[in-house]
Amino acid sequence: MTDVTHEGPLLEMRGVTKSFRGARALDDATMTVGRNQIRALIGQNGAGKSTLIKILTGVYRRDGGEVRLDGNAVDFRSTADAQKAGVVTIYQEVNLVPKLSVAENIFLGRFPRRRGFVDWATMRSGARDALAKLSLDIDVTRPLGSYRVATQQMTAIARAVSLEARLLVLDEPTSSLAEREVETLFGVMRSLRDSGVSMVFVSHRMDELYEICEDVTVLRDGRTVAEESLATLNQYELVSKMLGRAAEQVASGARTSARPKQQAEPVLAVSGAASAPRLRDASLAVYAGQVQGVAGLLGSGRSELLRSVFGADPLDAGEIKVNGRTGSLRTPGEAIAARVAFLTEDRRAEGIVPHLSVRDNLTLALLPKLTKRGIVDRKRQRQIVTDYIARLGIKAQADQPIVELSGGNQQKVLLARWLATEPAVLLLDEPTRGIDVSAKAEILALVDKLAADGMGVLLVSSELEEVVSACDDVTVLRDGVSVARVSLDRLSEESLMAVMASGEAVPPSEASSPDVPQKDKADD
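Heads up: the sequence shown begins at 1 in our numbering, then just goes up one per residue.
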């Protein structure tokens with residue numbers, strides 16, 4: 001039999017349409033992926049990226065349009081159908097089974113058998129071979145969940161390789177990876193491309209798009225507005241296509257003046273906080289009416305600090321004062337009672353309840369106040385939800401399952417959940433992770449307004465540009481220790497990077513104060 005290969009693009013999606021409950025999610029969407037190509041797919045949250053991917057991979061059925069793979073019309077009815085044709089997706093949250101071994105995950109749903117029994121030797125050998133193609137040598141008998149996220153993602157890619165994927169869709173694969181791990185992933189992607197695998201790469205990080213992709217498809221409001229070479233577009237032009245605005249309107253400057261403190265004493269003061277294994281000696285202060293930032297490299301203890309303040313992780317040592325009252329918050333319930341709210345970085349695992357409605361998700365933290373004798377006050381609940389949908393500009397219906405919303409709108413629902421509790425202190429851990437440029441701007445504008453209205457905000461972000469533009473001053477953590485507080489007049493990406501790189505800790509006598517003195521290489 002002669003193997004005839006179509007000479008055109010590997011993938012062509014033309015005129016694709018899809019509606020949910022009468023709302024058009026895709027309208028004449030187009031995407032073309034060439035052979036041996038890494039194509040970027042970008043757009044604001046709600047632009048239709050996820051819907052387009054799910055139609056491609058058989059999760060959704062399209063209402064109209066056509067999809068051609070290798071020149072042949074296809075209409076996948078399930079992800080299994082797509083995988084058989086060589087189309088495999090690697091999701092942002094690794095969609096495998098943590099308690100099963102690496103080998104079992106690579107061969108999930110297709111265990112090799114011999115005489116009716118699982119052929120474990122063949123499975124483990126095949127898993128090692130698939131990982132070897134990615135230059136990864138690990139114990140394939142260990143549970144997948146015992147490895148770092150980066151290794152879990154490589155395992156998902158190895159599974160795709162073992163399925164003989166021709167088209168690999170990577171949906172925000174770098175969101176939880178350190179810089180070195182991203183470099184490793186990109187090396188694997190280039191190797192796969194050179195071996196004949198094409199890829200669709202979804203990311204909100206512009207620098208990554210320009211580093212790894214050749215071409216880009218831009219979606220806006222469910223329509224394809226550009227399919228171009230990245231070499232012909234600078235970043236402002238690319239963002240302007242996403243937003244539908246002129247490039248010169250996209251750029252925004254950093255803060256130039258601090259907000260005045262609305263009280264002499266901090267609304268939240270943390271001194272010498274320690275929580276094994278990562279948080280060792282962290283101190284900071286948050287004032288009403290200001291945004292206090294926390295910066296540091298991956299593993300510096302940023303998230304652990306917020307979790308300990310909220311009572312989600314036990315505090316081994318140190319002191320926390322909320323509104324002048326001393327005492328550790330031992331549980332999230334105690335924190336909520338003390339008017340402390342916490343927006344977690346892991347929206348899917350720890351934030352939303354996927355199959356509950358927007359209404360139920362938004363009022364989850366308020367249920368004790370909305371319930372009397374086991375009965376929820378539905379009228380009051382509806383009014384609160386209606387008010388916050390309007391106030392935060394959430395694009396959703398109250399009874400719509402939250403899982404159907406874009407990432408940005410899900411994040412707004414979670415913010416509304418906590419704002420409805422009327423907190424004095426709002427802890428935000430990576431509030432703009434995994435959402436588009438426009439949604440980021442809306443959420444950061446909301447944070448600015450909350451501070452202006454008198455709320456104390458503690459903001460953790462791995463995006464230094466975001467920290468510099470949003471915060472009044474920043475506490476830098478390194479290896480679980482507060483090493484500097486950089487005030488607004490010295491605040492820049494360069495000064496923060498200098499502190500994080502130097503790791504020069506302040507003297508212990510000074511570190512015990514909530515206001516960690518400014519001390520870094522940039523100040524010497």
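Careful, some of the hints might be misleading.
The calculated SDA-like cross-link candidates involving lysine to any residue, where the alpha carbons are at most 25 Å apart (straight line), are [as the list claims (entries may be wrong)]:
1. K99 / N72
2. K379 / R391
3. K133 / P112
4. K372 / D360
5. K449 / N323
6. K99 / R113
Calculated from the structure, these hints are not laboratory results.
Here's how the hints hold up against the structure:
This hinted pair does not check out: K99 and N72 have alpha carbons roughly 39 Å apart, beyond 25 Å. Under the criterion of a C-alpha separation no larger than 25 Å, the hint pairing K379 with R391 is consistent with the structure, at around 18 Å. A threshold of 25 Å between alpha carbons decides the hint, and for K133 with P112 the separation of about 20 Å falls inside it, so the pair holds. The straight-line distance between the Cα atoms of K372 and D360 is roughly 17 Å, inside the 25 Å bound, and the hint therefore holds.
Between K449 and N323 the CA atoms are separated by roughly 21 Å; this keeps the pair inside 25 Å, and the hint holds. Our distance criterion of 25 Å between C-alpha atoms is met by K99 and R113, whose separation comes to about 21 Å.
Comparing the model with each earlier hint shows a violation of hint 1 alone; every other hint is respected.
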